[in-house]
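Asker: Okay, here's what each chain looks like letter by letter:
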Amino acid sequence: MKIVNCPLNGPRNISEFVWGGEVKPMPDPAKATDREWTEYLFLEENLAGDITEWWLHAPTNYWFIARRNTITDQFLETMTYDAFLARQPLASAVIPSGEAEPAAKPVTGGGDTGATSA
Amino acid sequence: MPFALLKYGLSREHPDDPHFRWKPDLKKTYDVVIIGAGGHGLAAAYHLAKDHGITNIAVLEKGWLAGGNTARNTTIVRANYLTPEGVAFYKESVELFRTLSNELDINVMYSERGHFTLAHTDAAMRTARWRAEVNKHLGVNSEVIDSAEVKRICPTMNVTDEARYPILGALYHPPGAIARHDAVAWGYAKEAMKRGVEVHTQTEVKKILIENGRAIGVETNRGIIHAGKVMQAVAGSSSHVARMAGLKLPIKTIPLQACVSEPVKPILDQIVVSGSLHVYISQSARGEMVMGGATDPYGLYSSRSTLDFKESLMGHMLELFPFMGELRILRQWAGMADMTPDFSPVMGLTPLENYYIDAGWGTWGFKATPVCGKRMAECVATGRQPDLIKPFALSRFSTFDLVGEKGAASVGH
Amino acid sequence: MSGHSNRIEKPGFGLLIDHTKPLSFTFDGKLFNGFNGDTIASALYGSQQVLLSRSFKYHRPRGALTMNGLDANTLVQVADEPNVRADLHPVAAGIAVKSINHLGSLQRDAFSVMDYFSRFLPVGFYYKTFFRPAGIWKYFERPIRIMAGLGTLDPRADHKYYDKAYLFTDVLVVGGGSAGLEAAIAAAETGAETLLIDENSQLGGSLLYGRVSDSREAADTLRTRLVAKARGLEKLTILTSTVVSGLFSDGWAAAIGGNRLYKIRARQTIVAAGSFDQPLVFRNNDRPGILFATAAQRLMRLYGVRPGNRAVIATSNTFGYEAALDLLDAGTEVAAVIDLGTTSGPTVDAVRSRGVRIVTGSTLVDAKGYLRVESVGVAAITGQGKTAAATDWITCDCVLISVGCSPALNLASHAGAKVIFDDAIQMHRAVSPPEGIALAGAAAGVWSPARVAAHAKATGSAAARLAAGEPGSEPPDADDPTAAAITHPYPIFKSGKGKEFIDFDEDLTIKDIINSVKDGYDDIQLVKRYSTAGLGPSQGRHANLNTIRIVGAVTGKPLAAIGTTTFRPPLVPEKFAHMAGRAFEPVRLTSMHHRHQELGAQFMTAGLWLRPAYYGSKDDAARTIDDEVRAVRTAAGLIDVSTLGGLDIRGPDAAAFIDRMYTWAYEKQPVGRARYTLMTDMSGVVIDDGVACRFAPNHYYVTATTSAVDQVYRAMTWSNVQWKMDVDVANVTAAYSAMNLAGPKARAIVQTLTTDIDFSKDAFPYMGVRTGTLAGIPVRVLRVGFVGEAGYEIHCPAGYGEALWDILMTAGKPHGLKPFGVEAQRILRLEKGHIIVGQDTDGLTNPIEAGMDWALAKKKPFYIGKRSIELQAAKGITRKLVGFAVTDSASPVPKDCHLIIRDGEIVGRVTSVVKSATLGKVIGLAYLPPTMTDAGQRFEIRVDGGAMVPAEVVPTPFYDPQNARQDI
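Protein chains in written order, with the numbering used here: chain A, 9 to 126; chain B, 9 to 421; chain C, -2 to 965.
Calculated from the structure, these hints are not laboratory results. Watch out, some of these pointers could steer you wrong.
As the list claims (entries may be wrong) - Calculated lysine-lysine pairs in the DSSO-like style (CA-CA distance at most 27 Å, straight line): (1) Lys32(A) to Lys273(B); (2) Lys159(B) to Lys615(C); (3) Lys273(B) to Lys27(C); (4) Lys721(C) to Lys32(A); (5) Lys214(B) to Lys256(B).
Produce the entire structure from the sequences given, and follow the hints as far as they go.
Answerer: Structural data, given as structure tokens:
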């Protein structure tokens, strides 16, 4: 039974968590070509090595980001989504554009990184 | 005493008739290079040699012969799929399995046991009927039976109402079988090598050589090999190898764990699967209970074992077979399941010319070994996608033509 | 009654048994005596019953080998428990023990004829035959299955009580021998909460039966001192008779003691599990009476049993000589010590000084005797695996083997340590163990007592510091020169003919391994799979090393290059029942569950929930369900819908958020109104439906289906982590009870109750939603019509559910109100043409196929699945869900999932079908090709038995097409 360090709840048994799959930026659904869209839907990096992915702490329904090594089965790091965004070179790049207000609110990043080492 | 054993009994020395004649060196060029010496790659090599006269083939394996999922699966063979595409494909596989021992001159111990897919909910009963109807339409023997009939066929199963998830009925598939998984791969390797195919183990492909948009060979830890055509059949490493060919796949690689018990005298003839309880079980010829469940809860490239798997498996196993409580688990292990979004394989042509793919075998790869080998060989030899595997082309994901197996495959055995 | 006793009546022997408590039991029906503290095997051995079992393939007689549960020779059946290790299982008064794997008696096993046919059964023989002509295997398989297998399961056996416990510790020490004790004491003294687990009933490991140097007293003194110290430490918890069977990641360990599985979380784990004895491979090395020196020492010291009257010892190390001293002390004559090398030192001198014949540079090459060894042949070693022709025969009735060990690396390997072969010590070694794992004692390759203590202490205190978060120190030096003198590099001697066993479990001989390679299976993994070496109950503990050695000798590869097969959990076989424990299965019950029981409900499972299917006897189900339907259509019915999901969505962005989650439009939805919701996933597949109730501009209450609500809730929170809309989503499913009061009398019933809600038709129209109180209970009331009658879905805090149910049932009684279950609801909704997501949709259905185009907002810039639905719409669909009716009333009634066949091809499928009493015909929903979906188009459904049932496409709703009744 592995332990996952939830940014909200601290270290808990992995049986409390649900795997959310790799973080993949959604292309703008209004602008993407059919090919870009279906690739986004169905294709996976599926890397052997360090990956960045979504995890959910099910009892609290809390989503966060984990960096994990898929060969060694080790959680390298877990962090809030905001902390993850703050690390991206272009924070807004992961938010699809062309969507209804008010979803396009600017992302606040920086201050609270919320990262916890696994 | 079977006649075939006389030569062993009557000769002083063990006959010098090895199954495998290994070649020490790699050639510079082959007509076909197959990456992965598991059951699928070896079967494809065999059929290329036998059906298409292509024998200048190298099958390259980074580990040992058939040491990946071929060595780790739980050997169930069946054709009771949900979609007409799936049923037609696996039906041919079952037909090939039936004569495989003679075809390959090795006893693959193909044993038709009868296969239950138990239904504990109305929804599962509906899916069972759906599968039975499609199966029967395509000439595959499947029936929906009620719990009393389950009990009649498999008297040791607990079909009482006291269970947390009582058995309402089952999809019963009499041709469901088990086989000796290793022997299948060894048989293909043996017969392929006999026809001139080379199998090179401890030979890892590091790069796919591409020129003018077509695959022209591979670079290995033992040097560069040129090839007219390249095929990958590397369950558990599919995304990794495909990436070398510039391809991205609809695959998540997730461990699938299994375990066996100590051997006991025969007590279970059938193969029993419960999707709701996430368990399946059969008893091998050696007397071991061979058991497994659903894939692991997250993606991983590690065959580590977990305690959680055994706890959840056995909690449910004892609901079906309460008398097995005192039986012991002898060994547990894991394989790598390449899961696709539609629970169906990816076979055939790719956007890269002269590069062929055999992937996405999730938890259902062993049972397709003969048919996949045969049809992939046809595809590689002719450069065209055979009709039987057209629905499973990689291109289906870009055209939204997914195969609808998902509904039937929560535990795909 | 068996032969005379074989017990040693001297002090210092029989540590575990209580001579004052004799007991008797049966073995194959014969009465045997033993003592409290005996194992089955020690009690039998003590009564001269050395023969315990028959072997797997050749049915050769077998006796105890390890006396530590590490071989298949001692497997017996105890009542309904198969494959019991007789050398571990405590004997108890009156138990009935049976030997296994023979035909006739254990003494005269008719299957032992297999031994003479062995030349016809070469390695992998079953691959080479039994398949011609085609289909013949099935006739061979059954007898082979019966021949194989060891114990027997009784299908009538009871399910016994097993449970689980959780333990947490700073430092876990596996193994209570000298290394484990030293490590645990050091860890506890350094301040760590420490848990020491040992498989035996007494701590001490080999100190219990072995010697320190040549002194038994020194071992006893050391053990007494260490155990006393360990027992006195407050921070040290000790579990005995418990075996750690697996180590998993993040310090998670499984241990089994009695009927309990311990699940242990340790910050640091020290594996001090000792080593496994390795056999000397020579002709007939499996005869009963031939056993490991440690097994003989265990028999003597732990159980006071003399292994025989006249012994021969074959050894290549001082341990064999130490055992000779024990035999002499126990009163057994030592005929000779056969030393494969030229061991020297004080122990050898001590043995020699007691007049024992020592033959150096020689080995055993043969054994005579059948049910028990009678003599052994000795020959000089002339090279690796080679001996001189001249054989010297020595009469004996027991043979002790000590030619080497293999460290117990299984647990470290489970946890991820890499295992390599170390030529210097001729043993495997664990290298680079993962974080949190350390080894001590023999498992670490440390053997000499002084070094074991120093190394283990350092390991224990380092683990304690690491557990406290302090930096660890350099790992203590595990280099022990004495380790090289323990394991003989090639204790394998092939005879001209006969069997020299490599693997006792699987009946594999030297020849089998050689011939595996000869057959082309030259990789160690292939050898293992082809020959089955190491696949038996002892999982290669005594077979791996010698198999590797033979493969090395045949292929000329160095052992380090051959590698080893992977260690897989569990370390020792675990009962299914240990893993299952009490097998808790959660069940969710609604607040009204007891009322349903009182009303005679038959329950069905819906996820974790139990829901009433109908109210009445199983024998009368169809009529009962029809009555329930009729009540709803003609008077009123009440159904518990508490299992429906409920999500409270609050905040300024609530409407915009719902707009993005669902396919339809919600921003302009008025307060006090409900609107249908349809959710797809990103690929446009329908995953849920329900209604969105707007109770305030900033507050929606959205329902979801029973099975999908968790998934919907997750999708919502996942989305909003990214969208960052100003909205809060709460899954309030469990907080609310809900019941649907439906039927023409529904309004009349609620209007008899005290309420602040105006239930009049105009004030509370169809699709209206209200909050207020009903009979004093706070409620949310939804005027929706899944069943197609006027009705109110009433949600209240879960604690009031039963009270409100009672109030409504009482109020409805004069109006003919009946409770109805899920079965009736299925009919009612189908008459109304409403789909059930998951029944009328499958894993690939998009809203257009499901006929839900009307619920797709065309103008919204975004909703989940929009792009995918548009893409599929542009491509064109291949099927569409339509209503149908069976046109021939005499036809059999189709079932859900019967297929629609045209010209011999499958063209569609029935998803739902019922015989509607209300409508007097069989109606349903089915997928058909888009070309066949016009009203009145005819098609055929193939039903059970192959009959074709004619049907035609009918517009939905089937019942009340004008939707007048829900608006009454």
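Asker: Each hint needs a verdict: does it hold in this structure or not?
Answerer: Status of the hints after comparison with the structure:
no.: 1; hint: Lys32(A) to Lys273(B); in the structure: violated, 52 Å
no.: 2; hint: Lys159(B) to Lys615(C); in the structure: holds, 20 Å
no.: 3; hint: Lys273(B) to Lys27(C); in the structure: holds, 24 Å
no.: 4; hint: Lys721(C) to Lys32(A); in the structure: holds, 18 Å
no.: 5; hint: Lys214(B) to Lys256(B); in the structure: holds, 17 Å
Violated hints amount to a single one, hint 1; each of the other numbered hints is respected by the structure.
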